[in-house]
Structure formats: C-alpha cells, structure tokens
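Student: With the hints as your guide, set chain B onto chain A.
Just so you know, the protein sequences line up as chains A and B, in that order. For the first sequence, the working numbering begins at 280 and goes up steadily by one. For the second sequence, the working numbering begins at 36 and goes up steadily by one.
If you are wondering where the hints come from, they were derived from the structure by calculation, not from laboratory data. Treat the hints with care, as some may be off.
Sample of chain B residues with no beta-carbon within 12 Å of chain A, all distances over it, derived [said to hold, decoys possible]:
(1) A215
(2) L221
(3) A234
(4) S416
(5) V486
(6) I581
Derived Cβ-Cβ restraints for the label pairs, each shown as a range [to be verified]:
(7) B:G70 / A:L300: 25 to 33 Å
(8) A:D373 / B:T115: 53 to 61 Å
(9) A:L309 / B:T461: 45 to 53 Å
(10) A:I304 / B:A209: 22 to 30 Å
(11) A:L309 / B:P55: 50 to 58 Å
Chain A is nowhere near these chain B residues, computed Cβ spacing over 12 Å in every case [unchecked claim]:
(12) A90
(13) P118
(14) S225
(15) A485
(16) V560
(17) P582
(18) H590
(19) L594
Remember, it's a predicted structure, so these values are computed and weren't measured experimentally. Backbone N, C-alpha and C define an ideal beta-carbon position, used for all residues, glycine too.
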Amino acid sequence: MTINPDWYLGLSVVLFAIGALGVLIRRNVLVMFMCVELMLNAANLTFVTFARTLHDIGGQVLVFFVLVVAAAEVVVGLGIVVAIFRRRANATADDLHLMKG
Amino acid sequence: MSTLSLLTAVSAATPTIHTPHVDYLSILPLTIMMGGALLLMIVSSLFRKILGVGAGTAVAVVTSVAALVAALFQWDHVITHGPQVTIAGAIAFDGFDVFVQITVSIAMLLTALIGDGYLRREGVEGPEFHVLAMMSASGAMMMGAANDLIVIFLGLEILSIALYVLAAFNHKRAESGEAALKYFVLGAFSSAIFVYGIALTYGATGSSNLPQIADYLSKNVIASNGVLLGGLALLLIGFGFKIAAVPFHMWSPDVYQGSPSPVTGFMAAVAKAGAFAALLRVFVSSFGTVRADWQPIIWALAILSLVVGAVLALVQKDIKRMMAYSSINHAGFILLGVETATTRGVSASLYYLFTYTFLTIGSFAVITVMARDGDTGHLISDYRGLARRQPMLAGCFAVLLLGQAGVPFTTGFLAKFGVVGAAEATQAYVLAAVAMVSAAIAAFFYLRVAVTMYSPVGLVADPVDAHQGAGPDSTAFGGTAVGGTAVGGDASGASTVSADGLASLRVLTDDPPTDSVTERGIVPVPALTWVALAATVSFTVVFGLIPGPILDFAHQATLLFT
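Chain A on its own, in the form it takes in the complex (with noise of 0.2 Å):
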C-alpha cells in the first residue's frame, strides 16, 4: 500500500497550523515554546516529504540544520525564562507586564 505524499505535506500544514495557534492563544511560555518546536517540526516534515517526491537528498540533510537550530534556540530560551521566573510560582506571559504603550 502507498501513500500519496500529499497526505504528509496536509499532515505537516496541520501541525503548523496548530503551532502557530498554540504560541498566539496559549498564556502559559513554556508551552508557547513547544508550540514552536510544533511548527519547526512541521517544516521539517514538510522537507522531507518534498525530498522524497523531488527524488533530491539535499532536501533531508536540511532537516539536521533545522533540528541542530530549534535544539540551541531552546536552550536559550529555557534560559531566559528560569533567569525571568526564578522567583515566582508560574511561568504565565501575562505576568510581563513591566511595558507597555
């Protein structure tokens, strides 16, 4: 039995879609960035579908820049919100409230 590669890349928009929603709606910064590693992953879905219809490696070695990129901007990002909420008890965006204007 096979597959249409259509069915991944409808997966993929699927997964992105859900991405981009978790990081607007969703409060709560920890599961803003897993929202974004969502959408990192659907486009690496998105690659190598594409690499295997376009019968091109090129399109699968760009998945290991995407995931070596998405794993150092979470350490960064992990980073910066423990420094930011050491001392307090949830990690909620709402509470970043210091400027506005």
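Tutor: This is chain B only, laid out in the frame that chain A set:
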C-alpha cells in the same frame, strides 16, 4: 597491520567524497568575527580573575577592525575579479556581500566602544557582552553573504540567538529579562514561519539555492502555484518580523525599551542590516521574475511602516520607545527601495542602511550615557536643559537627530532622497508621497527632542514649558493631533493608527504628572563613547556635505551583484 589493511580496503571500497573548494577570502571577515568571539570566550574563562571589561573591549575592537580590513581586501578582490559564487554555491562573494560585511564590522566596532562605558557603569563583569555581540555580528555577516536559503536561516539564527541573550544582559533590571522573553518568543515564532517558507519554496522550485531558484523561475512560467506563493508569503512574514515592519512590529517597542541601551543600538543597526541584506538578495535577485506577486505586499508593508512608525513615535514619552517607532519608520523607507526592485532602488536601500547604522548607534550612544547608573533615565523630559549643562553632548545628539529627520547637508537627507527618488523612477507616486509626508511627521518628533534639549529648565515663560502645563506629555498630545490630521487624508492604515494613538494617549493622560523636569546634573561621558560619537557625527556631516564616495560605494556594490 590488519587494521591498516582493513582501512585501505574500506577506503578503496567507498567512493571518494568531493568536498567543495573553500575560498577562504570570501568568508574571511565572518571567520575573523566568529574566531574573535571564541578566542575571547576561551581566554577569558581561563584568566577570569585577571581580565576585566577593558580586555573584552580591546579584543572586540581589534576583531572588528581586523574584519573591516579583511572586508576592504575583499572589496579590492571583487573590484578586480568580479562577483563569484563559492563554497558549493552556498556563499555569494560579490559587492553586495562586501558592503554588508563592512556595515556590520563598523556597527560592531561602534557598539564595542559604547558598551565598554556601559559595562563599567553598570558593574557588569566579564566579557560575555562582547562575545555575544561578535557572535551576533557574524550571523548578520553570514546573512549578507548567504546564497542559499538555509544559510540565510543559519545566519538569522546565529544573529538572533545571541541577541536574545544580549537583551537579557542586564540582570539587575526586570525590564531587561522581560524584553528578552518577548523578543525570544516572537523571534522563535518568526523563525519557525521562515523555515516553513523555506520548506515550501524548496518544494515548489526543487532547490534552496538562490541562483537555482531564480533559474527555475525564469524557465518555468507559473501562473498560480499555491506552494510557491505560500512559501513567498511565509518568507516575507519571517523577514517582516526581523526588520520590524508593520504589522509585524509589535515586539520592537517593548524590546527596544527593555534591552540595555547599547544592545538596543546594536539590535537596531545589525539586525536590520542582516535581515534587509537577505531580504534584498532573496526577493530582488531570486524572486525577481515573480515580482508582480510580492511587490504589492512590500508596497503595503512600506506604507504601513511609514505611517504607523511616524505617528506612534509622536506620542511616546520614553525616548527608547520613540527610537523604536522611528526605526520602524526607517524600515518603511528602506522597504521603498526594495519595492522598486531596480538597481537604483537596491543601491538606495544599501546607502540608507549604511547611514542609518551610524545615525542609530550614535543616537543610542547618547541615550546610553543619559540613562545614568541603572539604565533608567529614558524620559524625553530628562533631556531638558541638556544643551546648557553639556553643550557638546547635546550638539552631537542634535546632529544625529537632524540626520535621522533627513535635514539637508546630512547623510540622512541623501538617504531619504535616494529611496524616494528610486520609488518615483518606477512610477510609485503614492508610495513616494506617503514617504515624504511621513518624513515631515518624523521631523516633528526628532525636533521635539532637540527643542527639549535646548530649552532651559523651569522657566514658565519658555514656550515649550508653558505648553507643557499639565506634565511632560502635553506636547505629545498636541503632536498627535497634528500627525492625525496630516496623515488622515491619504493613508489606508489611518483608522488603525488613530485607534492605537488614542489608546496610548489614554495611558498617557491617566498617568499622574511626574516632575522629572528637575535639573539632574552632569552625566559622565566615557572617553570611548566620545570616540564613537565623534565618528558617527563626523560621518553624518562630512558625507552629508561630500556625498560622492559613499553613494558611489553603494552603487558599485549593487552593480557587482551575482
């Protein structure tokens, strides 16, 4: 013996891997910048106790100068040998690339000079500031040199991740951490959108390499390819976040206000230089054949940035927020040159970026010293009477503000003239007209700061003070009314703008009138900050009077495009 024979057997069995030839000159400034950062990090962790702030500054200055010299060698090479593509097509070695390397090297040099005084004043030990700034600068350089979408992405991330940490650098201020988290969440969000854009573009064209994409698009006429258009739009959104173009600008006022002042200047100059370099290369050279699809979007982004940036800057009482909106306004002007997609437009955009680097870093040098210990004195009213207390500092700031406003005989005027002229040459009259109106509104808020500096403290007879009766924000109130009526007629985004303006006005009027008009004494200006100020001011004035060399430089850089 047996392992050796095994090794030879294996090497005979596997086909040889052809590694690409590496032209080291093409990545020399980038390598120097990254190497300087790594060297400083290792040396300073070995000799933590001996080395102070000064050692970090020295390494950063030497590295930036070395990168600048290397970039000048590159320029010489490009002039004689012409543009070329190296390292398996991943890096473009052309005039455009070298122009970005030079801009970023200078920005890094100026930031190192300003950062030194800041770090000493705030008592922040260690060389991490310079390490991170140099890393970030190398990312911007990579974006300028990148000839492949994934290399642009890598450059973007090296630039951004170091900047997230730099924004959080002053751990004594709660705003600093908040700025970092806001920047991080929106930065990561925009990076994810950008990567998805790369994935869709790769799927539609079969390559992530910019010349190959251009090649594909020129050979295949695509009437309506959803995947390609989706990729194009997502790439544009990703760039829009990085250059802080309206409507992707929400992060920038908070981040500019919260970040340490030298970092804000660096962010404004280097992040914009890197992102605009990549934007120009991707859209003008790679997607040049489908320009009918993206030009209207850039057109809308430019108009919105010009109008929203200028109008919202009028109502700010914090100078760093004002500079944030002013930089949104500048982004609108640079987008004017992108929208034209002509050689003239690209060279005007490059010239604008180059002069903007000096103007913005110089302005933030003054803002840094004016903020005093704790990095808090950012109200525009804090600048009242500065001209009498410190005429030199006020004079420098006035020149830099006038330059940003685009007053004749400064580089800022030529920059604005260049992009508006390029837009006019492509019959984009509406865009040019909105740009000129926006420049007039922008002149008002720059001059407001200049007038505040030159007006004496506590004299009720003074017109500005009399106008200020209720508190320091009444001038801002009057300013909005002027801006609102001036823009209302000809801008599509005027309704949202005035709504935003009203919201911030309500915030302003609800505040109790703060009396920060009191004389605050003389602020100390470190010697290295004077050097940076002298460099930026003299650049602005000298090349405003003798525009030829830099204009030629930007023009030649554009012609030597791969």
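Student: Which numbered hints turn out to be false for this structure?
Tutor: 1, 2, 3, 7, 11, 14
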